[in-house]
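Could you slot chain B onto chain A? The hints should help.
Chains A and B are the protein sequences, given in the same order. The first sequence runs 1 to 612 under our numbering. The second sequence runs 613 to 1224 under our numbering.
Careful, some of the hints might be misleading.
[What the hints assert, rightly or not] Here are the simulated DSBU-like cross-link-like pairs (lysine-lysine), alpha carbons at most 30 Å apart as the crow flies:
id, chain 1, residue 1, chain 2, residue 2
1, A, Lys-532, B, Lys-1013
2, A, Lys-434, B, Lys-631
3, A, Lys-377, B, Lys-1144
4, A, Lys-434, B, Lys-1144
5, B, Lys-631, A, Lys-19
6, A, Lys-19, B, Lys-1144
7, A, Lys-377, B, Lys-631
8, A, Lys-583, B, Lys-1195
9, A, Lys-19, B, Lys-989
10, B, Lys-989, A, Lys-611
11, A, Lys-377, B, Lys-989
12, B, Lys-1013, A, Lys-401
Source of the hints: derived by calculation from the structure; they are not laboratory data.
There are 2 protein chains.
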Amino acid sequence: MSSNTAKHPAQSPIENYLKALHARHAALDDGEVADYIPELANANAHWFGISLATRDGHVYEVGDTRQTFTIQSISKALAYGLALEDRGEDFILSRISVEPSGDAFNAISLKAESGAPFNPMINAGAIATCGQIQKRDGRSRIERILAYLSACAGRPLSIDQAVYRSESDTGHRNRAIGWMLRNFGIIDEEPTEILETYFQQCAIQVNCRDLAVIAATLANHGRNPLTHEQAIAPEYVENILSVMASCGMYDFSGEWLYHIGLPAKSGVGGGVLAALPGQLGIGVFSPPLDAQGNSARGIRVCTDLSHDLSLHLFANGPQLPASIRLSYDASQVASRRQRAPEARQVLLSSGHRIRLLELQGELNFVTTETVIRAALKQAPYCQYLILNCRNVASLDDVTRKLFEELKDSLENQGVQLHLCPASRLLALAPAIAKLPLHADDDAALEYCENQLLAELIGPDWDQAPPVEIGNTHLLRGLPADDLAWLAREMPTHDAASGECIIEAGDNAESLFLLLSGTVEVRLPEPSGKSGKRVGVFVAGMSFGEMGLIDGAPRSAHVLAHTPVVYRVIDRALFDRLETERPKLKIRLLERLACQISDNLRRSNREIAAFKN
Amino acid sequence: MSSNTAKHPAQSPIENYLKALHARHAALDDGEVADYIPELANANAHWFGISLATRDGHVYEVGDTRQTFTIQSISKALAYGLALEDRGEDFILSRISVEPSGDAFNAISLKAESGAPFNPMINAGAIATCGQIQKRDGRSRIERILAYLSACAGRPLSIDQAVYRSESDTGHRNRAIGWMLRNFGIIDEEPTEILETYFQQCAIQVNCRDLAVIAATLANHGRNPLTHEQAIAPEYVENILSVMASCGMYDFSGEWLYHIGLPAKSGVGGGVLAALPGQLGIGVFSPPLDAQGNSARGIRVCTDLSHDLSLHLFANGPQLPASIRLSYDASQVASRRQRAPEARQVLLSSGHRIRLLELQGELNFVTTETVIRAALKQAPYCQYLILNCRNVASLDDVTRKLFEELKDSLENQGVQLHLCPASRLLALAPAIAKLPLHADDDAALEYCENQLLAELIGPDWDQAPPVEIGNTHLLRGLPADDLAWLAREMPTHDAASGECIIEAGDNAESLFLLLSGTVEVRLPEPSGKSGKRVGVFVAGMSFGEMGLIDGAPRSAHVLAHTPVVYRVIDRALFDRLETERPKLKIRLLERLACQISDNLRRSNREIAAFKN
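Next up, chain A with everything else stripped away, as it sits in the complex (with noise of 0.2 Å):
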């Protein structure tokens, strides 16, 4: 097979562009590396890398992905999360404004009246923001902030002490913009060891890579894609990218906005990071600054990147996703729940009244909606309407609402409302228990189907008595001396609640009617155990025809859900046949055949459903 002979690895094209990306603007010699203290200005101005974070955890690197760095500003967008996470959003809004200033970072930049920071992302507001911070269960503010920072990062981070002491020993107009806050009592005590915790919070070391996750963790609702842990509560997310989309890049946040359209931060570290919100994290590091104080290679990049990959917030906008996957009805796609003929046939003629429609994606209002349009266009024509959510990826809670309202609605009409799997629905939206729902489709399908039966046949409609051999649906009608000769020549078997009346792997040597009770069909579990149920026989049916037919080893369990009683045609019987009545076998050939035609054809209207 060539494909084991295959000498290179196939290439990925978006590791290909990223390398293309990085090459494109290695040379670039714009901008200054930052100089105010001198820990800063001994990074190399060549130092280069970019990294993207998918919301499912795969992490791309290019160039200098993990030579460290001081995060400097971008904390102010995480420690703004920490703060509300402490004090609430109501008493943050009264201490920091959420406004643009149009000013620079280190502008002082109070609202006149409150003295209140226009908003988290320049320096007053940022040190207000630190000051909200809480010691708590005996941690500093600053191991807060950097625990909080390490589950973004998905690693433990560590504080640059030299860049540390630098800050606080040149943080004279920080100390200025410290005691005008305290003067108006944005913050609560004098400022001098929240400064300390500011100075220590910007010299927290990252690398590029640790960016793209802390991106992607704040695009992926706070959940840190690589450990899967809540580094951030999920209900101050949308806060933070929305200060990081309006301010996060001082004043070219407008200009950022327009070109880019990502929510984003800068550092004069020389790291910047962008998030597309429910999808992927940037990071990128280059130390030489723009005049704004941006990284200026991080700019380029990010301009490529949101142009490049068509990445920008407004640009394909978000996805609407089909939220229906499939719709189709019981006389299309019927329960594995074996009917007598005429059962059979009252599903098929009558099938139409149970709709089912395949939810996928994630529920919101959004996808929800056209959900709830198609559910009240069915409503007219049936009296069974199934959402089955088994691809559905997340349930939020007006979904859920919605559904609730759906279900009186459609009740109102004479519809009955119908969800599964209970399972997954109950994982997603615990709060779901109050609506009907069932383990599976089938079960759902075979909960309807019943009671369309004892609507249509009577409530006598699922009675399977024990039957003789002449009334099994194979035999049914055959000359009386071929039904006695095959009543002495049948062997009788019976098995209890539970026995195994057929183990998957057997080979196939038999064709058996049951008489009496009810069997269940099971898919094998790799255990070798029993799993979902495929099928379910009752008295008056027979299985284990195709065996018989083609000699292909049993593919499932057959178990004995109820005490049941069987007859059982086995090969070399089937064979005598041959020369002793031959007349019969040919019967009996026809109708296994015809039985066999009849599953095939129902097989293809399921293919057909599916295919659409």
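Chain B in isolation, oriented as in the chain A frame:
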């Protein structure tokens, strides 16, 4: 059927919600109706409408959604789009910046150096924008603006002449701004006519429903969801939404983005327009304004909508739909081409070398990235990779390029990339023609199967030379005298290429044994003509056996694909076999049952693959 006797039409939970929302805020008496001109002061403070328009053109309306009012500043966002279309982004950015000013709407707010207005949403920027729009094709600026807005609303709009005259009579401040713009060279002519155009533009009459439709047009990449007209050039939609997001609500923009999180624009007429990109448009109308000049009820309603329906851009974030719907290989789902037993066996054991990924949703960088990763992961285990794009809603240029590069990467590893269906892909992205396209998944599968069979069986794998009946799959190995008897009794027919052998709906009377040539099975179209190909048979195979067994009418057409010769076993002959040659009949029934059984197992494998 109870649904026929239902008394109430099912109510939409979404309409119910909007009614409750309307009722909740109807009593609010915050704010003041604008009264700087008498025509606006005439507005009824109780007028109140809410409208939602989906991207697929469904419009929800509650309250006074058909009451007209003047569009006022909401026109600024749209006129900006027309200016961009006339002059291009670079030119417009050289005249009007996109930074939030932090100032009120009527501040002069020009940048100190250049005189450029801070952004197009303040009056100075809007007048400057109006001045960039060109007179064209004998149409004045205002005629072009009116046509543009009418296309966005999906109906012809007109100007409220009384409001226009009042605005013009009192617009002294705006005239001052106009002359300042002329002074700085931001506009190239005397401002008088531009200002009249601007006053008329603000006096265009709309209703609440129009606002929702315009917002949905923005949300729908510029295509009006009702008329399907491309009202706004798609390349400028992101620019419009970006300035709405950063500057759309004046000095409340930061808070609006923080709390409501939707690009939006308000007007002093009482209108608010908000768009959830890619998803939804919102219009609210209520004349009383708050201190910032935004509709007081409009802010409340949008706040509730965003919160109750979780519409904040960054709340649940854009969705990440699974882009791979199904993954299976050719041992599970084979092409509809019937194969000789040997070929069938080869495909069963080696079909895993052909992998099919069924994609769905909107393919962009983020969704395609997961496809690329899945493809690279499969590459070591397969020789053929088919991407079935039947359920793909859109495919951007980024994806098209990634697919081209994926093809090269896979080729280096000895894996072929194939795509289908060709017509859909070419409609979505004409440049995709460079890749190997197939009409549908069946054609792609067959193409890959054929190559695999040629490799594994040899160059003669597809030879199906004419055969005698003794060499057909059905009759091979039967005793010579049975074959001689059948050769005598089975009539021989032929058909020219294209001729119909079985017509869908016919009574099933016969089994056909193909001795030379090829036939195709095709589904009937509603027109009665032959449609999608669902099977191919070559010399040596038989077809039509299910009809002979169960007598059900033919479900598909069978047409000669080449000139063919075939033999027929009709029902009379089959019946005669019972008395004349019972053993032969038993043999035939066994083989037919086996053949049907084989098809059933194959169909069940397909169903299992489709259900994952």
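Take a quick look at whether Lys-1013(B) and Lys-401(A) sit within 30 Å of each other, Cα to Cα. 42 Å, violated
Satisfaction of hint between Lys-1144(B) and Lys-19(A), Cα-Cα up to 30 Å: 45 Å, violated
Is the straight-line distance between the alpha-carbon of Lys-377(A) and that of Lys-989(B) 30 Å or less? Measuring from Cα to Cα gives roughly 42 Å; hence the hint is violated.
Hint check: Lys-532(A) vs Lys-1013(B), CA-CA at most 30 Å. Holds or violated? 42 Å, violated
Are Lys-631(B) and Lys-19(A) close enough, with their CA atoms no more than 30 Å apart? 54 Å, violated
For the pair supplied as a hint, Lys-377(A) and Lys-1144(B), is the alpha-carbon distance within the 30 Å limit? 29 Å, holds
Just to be careful, I want the Cα atoms of Lys-583(A) and Lys-1195(B) compared with a cutoff of 30 Å; is the pair within it? 10 Å, holds
Taken at face value, is the distance from the CA of Lys-611(A) to the CA of Lys-989(B) at most 30 Å? 26 Å, holds
Starting from Lys-434(A), check that the Cα of Lys-631(B) is at most 30 Å away, please. 24 Å, holds
Going straight from one Cα to the other, do Lys-19(A) and Lys-989(B) come out at no more than 30 Å? Roughly 21 Å separates the two Cα atoms, so the pair holds.
Next pair to validate is Lys-434(A) with Lys-1144(B); report whether the Cα-Cα distance is within 30 Å. Violated, because 45 Å separates the two Cα atoms, which is more than 30 Å.
Pair hint Lys-377(A) and Lys-631(B), alpha-carbon separation not exceeding 30 Å: At roughly 21 Å apart (the allowed maximum being 30 Å), Lys-631(B) and Lys-377(A) satisfy the hint.
This entry does not satisfy hints 1, 4, 5, 6, 11, 12, going by the numbered hints stated previously.
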